[in-house]
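Trainee: Take the given structure of chain A and dock chain B to it, following the hints.
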Amino acid sequence: MLLLFIIENNLQTELIIFTLLFICTVCAIFFISYFSSLLIQRRENEIQKIRDEKESLLVRLLFEGNSNESNDEILADYDEFRPLEKGNRLGKKKRMLHRQIMVDEMLEMKKNLSGAGVEDLYKLYNKLSLHEYSYQKLTSKKYQLMVMGIRELSEMNFKIYYRSIYRCINHPQEDVRIEAQVAIIRLFGVKGLRFLSIVTYTISEWQQMTLLHLLSHMKKDKPRGFENWFNSKNDSVIIFSLRLAEMYNCFELSDRIRYFLYHPSDALKIQSIFCMRNNYDENTELLLLAYYPIVNKPVKLAMLDVLKSISTGLSIPFLYKQLIDTELEIRFGILRILYRLCEGTEIIDAIENEPEIKDSIILMIDQIKIEEQIYN
Amino acid sequence: MKILIAEDEPLTLKMLSMKLQKDGYAVIQAEDGRKALEYLETEGCPDMVITDIMMPFFSGLEVVEKIRKDLLSNIPIIVLSAMGQEESVSAAFTLGVNDYITKPFNPNELSLRVKRLIVV
Chain A
1 MLLLFIIENN LQTELIIFTL LFICTVCAIF FISYFSSLLI QRRENEIQKI RDEKESLLVR
61 LLFEGNSNES NDEILADYDE FRPLEKGNRL GKKKRMLHRQ IMVDEMLEMK KNLSGAGVED
121 LYKLYNKLSL HEYSYQKLTS KKYQLMVMGI RELSEMNFKI YYRSIYRCIN HPQEDVRIEA
181 QVAIIRLFGV KGLRFLSIVT YTISEWQQMT LLHLLSHMKK DKPRGFENWF NSKNDSVIIF
241 SLRLAEMYNC FELSDRIRYF LYHPSDALKI QSIFCMRNNY DENTELLLLA YYPIVNKPVK
301 LAMLDVLKSI STGLSIPFLY KQLIDTELEI RFGILRILYR LCEGTEIIDA IENEPEIKDS
361 IILMIDQIKI EEQIYN
Chain B
1 MKILIAEDEP LTLKMLSMKL QKDGYAVIQA EDGRKALEYL ETEGCPDMVI TDIMMPFFSG
61 LEVVEKIRKD LLSNIPIIVL SAMGQEESVS AAFTLGVNDY ITKPFNPNEL SLRVKRLIVV
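These protein sequence lines map, in sequence, to chains A and B.
Residues in the first sequence are numbered consecutively from 1, following my numbering.
Residues in the second sequence are numbered consecutively from 1, following my numbering.
Keep in mind that the hints were calculated from the coordinates and are not lab data.
Just so it is clear, the structure is predicted and the values come from calculations on it, not from any experiment.
Even for Gly, the Cβ is constructed at its ideal location relative to N, Cα and C.
Possibly wrong hints are sitting among the right ones.
[Unchecked claim] Computed cross-link-like contacts, EDC-like style, restricted to lysine to aspartate or glutamate with a CA-CA straight-line distance of at most 20 Å:
no. : chain 1 : residue 1 : chain 2 : residue 2
1   : B       : K115      : A       : D175
2   : A       : K141      : A       : D175
3   : A       : K49       : B       : D8
[Claimed, not checked] Every beta carbon over 10 Å from chain A, so not counted as near; a handful from chain B, in silico:
no. : residue
4   : I28
5   : R34
6   : K103
7   : R116
[Claimed, not checked] Ranges between beta-carbon positions, derived for each pair:
no. : chain 1 : residue 1 : chain 2 : residue 2 : range
8   : B       : G84       : A       : M209      : 16 to 22 Å
9   : B       : G84       : A       : D104      : 21 to 27 Å
10  : A       : L286      : B       : G84       : 22 to 28 Å
11  : A       : K94       : B       : E87       : 25 to 31 Å
12  : A       : F35       : B       : R34       : 37 to 43 Å
13  : A       : F35       : B       : G84       : 46 to 52 Å
14  : B       : R34       : A       : E53       : 48 to 54 Å
15  : B       : G84       : A       : Q173      : 15 to 21 Å
Bound conformation, chain A alone:
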């Protein structure tokens, strides 16, 4: 009636219809978003409820029962851990959700456990056949699921599927590749490093750090296979194996490590120089000094960094001559070594005949003194 009244009053019909439509649309959007948020909230609450339930179940299984018979009794009430065919009331999707949450809780618990606690967790993962679901994920076509599957199997120390994981070492998707390499190390320690012989993709700096960090927490057995890795066509494999040689103090590889000083790649040269910091003998210092004049700035800086740790009085005359270098960064590097080997005043006396660099060198020495005070 109101509408008719307005129309009768010669207002524009289209405008009214448009306004009404607009109000309806806004209301519809409001109700849809309200109900969606309600649904999301409900779903989150449901997941939280399952999570709490699984937390309690896990704690009961590990600490209350912790024997096959008592665990069977506890598990009898949970449909998600019974075979599907025996009149299981739980749907396939719900069953998967319950099991996934159980695995998530196990991974969370593993972070705080060690020794027998972790061993019990592995046994439980096996007993509940959760590895079957992890394996399903590993064989999925979605790379995110593959990553999850690989992580679950390796975190739970499940070695049976290692071949499938090993096949992912050269997976085109980087995340899968990274997870597979980490998993192989997690499962087999230094022995797992044999994947370096077959890896074709570049191992990123971050990945190398991750693998070294993982290995640093494992047994200190020396890896085998440096011969293959040093001959690899993949430069990142050589760099990583040089880092390994440094980490495991592979003194017997000193000659091979020095050989990389003559490699065309700067990255390899630099890594071999850093590797000499831990694997050096009486010839290393002289070798670096002899090679110093013919290399570029980044390699020189690496050499100076290592010389700072290993140099003796033998380097002093050579380093004084290099102080005329126009690159301030290099001059700083040289002065840091000289400051360690002789007094600041000695350095100033030695450059008395170089008035154009004297002032800057005095400033640098002051700076180095401050650095020394801060860091020591």
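Mentor: Relative to chain A, chain B alone:
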């Protein structure tokens, strides 16, 4: 024997409670430092305290300080923390804790350490 556990991670709290209950102790749970201090102020000292360091409101070290300095109690205290650095360990021992366990921890080992301290 009553043991107060102050731990903000629910899963670890449940795990510790279940383990110690199975060993025959009565467990009081505190989800943060404030709840632990509230319990100590109202109920007095239990027979033992196991506490994390990093917790909301009050840290585990503040809980230890309260027990040793304000309540003047000598009850055994175990710190269970992911912080394994020398400074944290020495700070805890300076305040008078009896034992320091770093996470990840072995529940059986914790159980033995609790038993040893309670017997002593």
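Trainee: Now look at each hint and say whether the structure bears it out.
Mentor: Hint-by-hint comparison with the structure:
no., hint, in the structure
1, B/K115 to A/D175, "violated (46 Å)"
2, A/K141 to A/D175, "holds (13 Å)"
3, A/K49 to B/D8, "holds (19 Å)"
4, I28, "holds (17 Å)"
5, R34, "holds (22 Å)"
6, K103, "violated (5 Å)"
7, R116, "holds (17 Å)"
8, B/G84 to A/M209: 16 to 22 Å, "holds (21 Å)"
9, B/G84 to A/D104: 21 to 27 Å, "holds (26 Å)"
10, A/L286 to B/G84: 22 to 28 Å, "violated (42 Å)"
11, A/K94 to B/E87: 25 to 31 Å, "violated (48 Å)"
12, A/F35 to B/R34: 37 to 43 Å, "holds (38 Å)"
13, A/F35 to B/G84: 46 to 52 Å, "holds (49 Å)"
14, B/R34 to A/E53: 48 to 54 Å, "violated (27 Å)"
15, B/G84 to A/Q173: 15 to 21 Å, "violated (36 Å)"
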